[in-house]
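*Asks:* So the chains spell out like this:
There are 2 protein chains.
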Amino acid sequence: MPKLIVQKFGGSSVANVEKIKNVANRIASYKRKGYNLVVVVSALGDTTDELVELAASISSNPSARETDVLLSTGEQISVALLAMAIHELGFEAVSLTGWQVGIISDASHTNARIVDIKASKIRQELKKGNIVIVAGFQGMTADMDITTLGRGGSDLTAVALAKVLNADRCEIYTDVNGIYTTDPRIEPKAKKIDEITYDEMLEMASLGAQVMQARSIEVAKKFNVLIHVRSSFSDNPGTMIIKEAKRMEGVIVRGITINKNEAKITICSVPDQPGVAAKIFGKLATAGVNVDMIVQNVSHTRETDISFTVAKNGLAETRKEAASIARTIKAGDVLVDEDVARVSIVGVGMKSHHGVAAGMFDALAKKKINIEMISTSDISISCIIKKKSAEAAVKALHSKFGLDKK
Amino acid sequence: MPKLIVQKFGGSSVANVEKIKNVANRIASYKRKGYNLVVVVSALGDTTDELVELAASISSNPSARETDVLLSTGEQISVALLAMAIHELGFEAVSLTGWQVGIISDASHTNARIVDIKASKIRQELKKGNIVIVAGFQGMTADMDITTLGRGGSDLTAVALAKVLNADRCEIYTDVNGIYTTDPRIEPKAKKIDEITYDEMLEMASLGAQVMQARSIEVAKKFNVLIHVRSSFSDNPGTMIIKEAKRMEGVIVRGITINKNEAKITICSVPDQPGVAAKIFGKLATAGVNVDMIVQNVSHTRETDISFTVAKNGLAETRKEAASIARTIKAGDVLVDEDVARVSIVGVGMKSHHGVAAGMFDALAKKKINIEMISTSDISISCIIKKKSAEAAVKALHSKFGLDKK
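In order, the protein sequences belong to chains A and B.
Using the UniProt record's numbering, you'd call the opening residue of the first sequence number 1 and step up by one each time.
Using the UniProt record's numbering, you'd call the opening residue of the second sequence number 1 and step up by one each time.
The following block holds chain A by itself, in its conformation from the complex (with noise of 0.2 Å):
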């Protein structure tokens, strides 16, 4: 049997109509080497979001099983052309939507999870020898609706086709040349990084890497789909994505994201009495409020402050929500802070290291860069700083943790 391998080519890198042919000209270039290949597509560019906007022109709130109707044919499109390019460079091809391959999802529209995949369709047409495209993003219920699989959606298509067909491998082609040590756009020591554990990876598209969708990480991590990140522009080896490796464990960081779409709330006057977070992260739970981190001071008297980060993504509501709460269980004031940002450094090393943080603090002290709130997990540590410091604090952090180097 020749290999399999499932490519994934985002939004930009079919663009256009040159995008598109310059994507069947590397597909047909792996077909000649003998690979078997199924290929995973993104909606044209920005199709979606005009899809979006289209939909706002008719209701401000549109249901989410049309929602999905609608956003599906994005990638329809795109895999009927990207067959049509491929026929043109004399191969064969057949394009599958979601529901042609049996993708089985929950019901949860605009942000479906997978719950089975027939791909009986798609055995049948490798069988046959057609390069085989396949609609990312979109599945459908048991009950014959059409779902999408949330924002960066085609990438968890193309893990869960990778584990279902056990492929050799899931390349993941991008407009980038890989995950880099943090974001070049800030950094321009930034590195591109040749290996990164699935943990690391998943750590790092939590906190604000916007290369792949968190999700199919969990997924690719799950099953141990090998994934390689590449640019769909160049032939050069980008990021390999997997488990653990012996050495790789020399290094302590491998990377640092920076997120600015958070918010900082916090609750003033907070009766120190127990049960109290409790009652306030509830109640947020209870309203849809995917809270992230959540300092408390300890206190000396019989108040405290309680502050906690959320998306600024629907902050209105949040704000609304957290004075109810305060006025219930008779809190003070609510103060709400858009203007920080979150950097974090990420590294499984961090685990057998001592340090780390103190390392982390010290640099950003250095730059006089003060830290509003800490969070940490195993293989992360977060600080909450001033927004107008965020780009200096990625620098020294970059710097302190010898990610310049190779």
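Keep in mind the hints are simulated off the structure, nothing from the lab.
All of these numbers come straight from a predicted model, not from anything done at the bench.
Worth double-checking, as some hints may not be accurate.
A pair holds if it fits inside one copy or across any two, identical chains being indistinguishable in the list.
[Said to hold, decoys possible] Taking lysine to aspartate or glutamate pairs in the EDC-like style, the calculated list, with each CA pair at most 20 Å apart, reads:
# : residue 1 : residue 2
1 : Lys191    : Asp175
2 : Lys121    : Asp143
3 : Lys118    : Asp143
4 : Lys395    : Glu338
5 : Lys3      : Asp168
6 : Lys192    : Glu244
7 : Lys189    : Glu317
Mind docking chain B on chain A? Use the hints.
*Replies:* Here is chain B on its own, set in the frame of chain A:
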């Protein structure tokens, strides 16, 4: 059980957001009256043409299978948006694609024929009280490949669904008030026809009237589906397409059509031998040429001229094929005349009236219009004339057969 109506809205009725909202209002008004509704929608405005152009920018001869995957997105966008617009008015609605409905077709991509309709999902959604919005023009093969039903295929979807669901009637909404005695842009005295038989409508559609797809009228006739062709911009009654009725007998000519999309081809000096016509038209059929009218003059020598008409679409290949045939059978030159028009009169009343043809020829003669070819059927007579005389011919015939008066 409340009455069930199938309504079909063409691309011009849903060309933009404003028009989609207008259609939603009309649908809601019927729901308020207590009807159950299945609504078939075409792609927004020129979407289909735009998608065809997009494919052409990738390939000069795009795969028919992939063309269907691409084109079917047009209707999928329409149904989602229309469902959203209906929700805005406070009514329940769900969209369904061709495959979700279970419209099973053969595998003749871009021009597939419906072989079966499951419709269980439609029935299920109707039972829940939903207005069901169905993507027109599309189906799926038994092998789960997406197909489209050819130009005007949404009419076919509507008529076939009306049959399968045993609907009380099928309303075809369009941008004109119904079927006219002739094209009102040519003859301003043209009158809306209140009732027309399936056979007359079929003949008029085949002979150039653009309002409804001919194949859908065949299906309506076969299953006796009551059709009402009417405007999506007014509440006025349009044209009912029905079986022949007693009260319709008085009318001899129901309407006049004009078709400028045909060319006349003449093979000169054809040896006058038995079987030569069979040879010519057999070879043309094998080459996929769809011949329309055929005229062969009685010959008094050993040679004759044979003329026929074909669609201008694909004329270059037809001309080449005819030249090759002429060489094979040792005939003379092949002449092509694109400067012709076909003018036809249609009416079931002709069957029982003599002298209708003579009346037609007389009216044309009085305007000094030369007839180049004549073809007749049970309920129509067509003449090929010079294109520049077409408008004058239509007006003369409209007056001759009393269509100006009501």
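*Asks:* Now look at each hint and say whether the structure bears it out.
*Replies:* The hints, checked one at a time:
1. Lys191 with Asp175: within (16 Å within a copy, 61 Å between copies)
2. Lys121 with Asp143: For Lys121 and Asp143, both the intra-copy (19 Å) and inter-copy (9 Å) Cα distances are at most 20 Å.
3. Lys118 with Asp143: Both: 15 Å inside a copy, 15 Å across copies.
4. Lys395 with Glu338: So Lys395 and Glu338 fail the 20 Å test inside a copy (22 Å) and across (73 Å) alike.
5. Lys3 with Asp168: Classified as within: same-chain Cα gap 6 Å, cross-chain 57 Å, threshold 20 Å.
6. Lys192 with Glu244: within (18 Å within a copy, 78 Å between copies)
7. Lys189 with Glu317: neither (40 Å within a copy, 62 Å between copies)
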